[in-house]
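Participant: Here's the letter readout for the chains.
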Amino acid sequence: MDSRNFTFMFYGFLAAWLILVAYVVSLVSRERKIKRELDSLKSMLEEQGRK
Amino acid sequence: MREKLIIVFSGIAAILLARNLGAMFLSLGDEAQQGAIYRIIFFHVPAAWTSFLGFFTALVASVLFLKNKNFRNDALAVAATEVGLAFCAVNLVTGMFWGRIIWGIWWTWDWRLTSMLICFILYGGYLILRRAVEEPTQRATLAAIFSIFAFADVPIVFFSIKWWRTQHPQPVLWGGGSIDPAMRSVLYWNFLAVLLIGVVLLLVRLRQEEVQREIDALRREAHAI
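Here the protein sequences line up with chains A and B, keeping their order.
Using the numbering used here, the first residue of the first sequence is number 1, and each one after it goes up by one.
Using the numbering used here, the first residue of the second sequence is number 1, and each one after it goes up by one.
The set of hints was computed from the structure by calculation and includes no laboratory data.
Yeah, the Cβ is synthetic: ideal placement off N, Cα and C, and Gly gets one too.
Please note that a few of the clues may not be correct.
Unchecked claim - Straight-line alpha carbon distances no greater than 16 Å define the calculated EDC-like cross-link-like pairs of lysine to aspartate or glutamate that follow:
#1 A:K42 <-> B:E214
#2 B:K162 <-> B:D110
#3 A:K35 <-> B:E214
#4 A:K33 <-> B:D216
#5 A:K33 <-> B:E209
#6 A:K35 <-> B:E209
#7 A:K42 <-> B:E221
#8 A:K35 <-> B:D216
#9 B:K69 <-> B:E135
#10 A:K42 <-> B:D216
#11 A:K35 <-> B:E210
#12 A:K33 <-> B:E210
#13 A:K33 <-> B:E214
As the list claims (entries may be wrong) - Listed next, the stretches of chain A that the computed footprint assigns to chain B, with coverage defined by at least 3 CB atoms under 8 Å from CB atoms of chain B:
#14 6–14
#15 18–27
#16 36–42
Stated by the list, open to error - Negatives, chain B to chain A, calculated, CB over 10 Å:
#17 E3
#18 G11
#19 L64
#20 L113
#21 R139
With the sequences and hints as input, model every part of the structure.
Facilitator: Have a look at this one:
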């Protein structure tokens with residue numbers, strides 16, 4: 001019972017951190033996508049401005 | 001300024017977490033009846049408080065958006081909802097691991113558990129609703145109304161263990177339950193750490209929403225040309 005008790009506590013902590021890490025990973029990938037989109041839009045507008 | 005805040009808060013949260021984990025495993029012994037699993041409370045309860053604070057922030061921002069139609073409030077509402085939802089998931093999952101050992105089951109349709117699950121589904125629905133509406137003003141208005149409606153579940157979650165007979169333990173703070181002062185101190189310190197993580201995530205998400213609005217404005221400019 002005691003080792004099972006400790007194991008489940010460990011899994012509980014692990015699950016909590018995995019959820020937060022998954023959310024952070026989603027934030028990082030969204031950040032990259034947004035930056036790429038912003039850069040391409042800015043360069044497109046600059047090109048159109050030069051024409 | 002915001003970048004500095006993100007770095008400072010992240011640093012403080014990391015130091016606090018290291019200190020709290022040390023206290024949880026080195027200073028505090030196992031609980032007499034529950035054994036080691038009681039330590040789940042140090043993340044389970046702060047995750048619930050942080051998610052409620054996130055949903056409350058979303059409520060205030062939604063009311064302000066409906067009042068003044070300022071899109072900054074809409075950005076704050078969506079950022080706070082997303083962060084609140086992540087911590088709501090942490091609360092539900094950690095509770096399931098605790099329940100498996102103490103109750104012998106992963107889940108029961110108890111008032112507290114069910115109302116928290118409804119809370120998760122409602123705010124998940126809020127994010128799905130935002131994806132479904134294209135026009136920004138309409139999207140923000142509908143989402144704000146939905147957010148106000150969804151918050152009605154939060155007091156039900158909070159008071160469910162007082163209003164109805166439930167299997168969930170009574171609150172260890174401000175309620176019928178009790179907690180050792182040393183454990184209470186670690187709980188408060190870990191709430192601060194978890195809250196700071198929540199604030200950092202909120203600031204990062206808020207910045208993304210602002211950049212997204214800049215992209216939308218540039219797109220409109222590109223279409224006009």
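Participant: Against which earlier hints does the structure fall short, listed by number upward?
Facilitator: Checked against the structure, no hint fails, so every one of them is satisfied.
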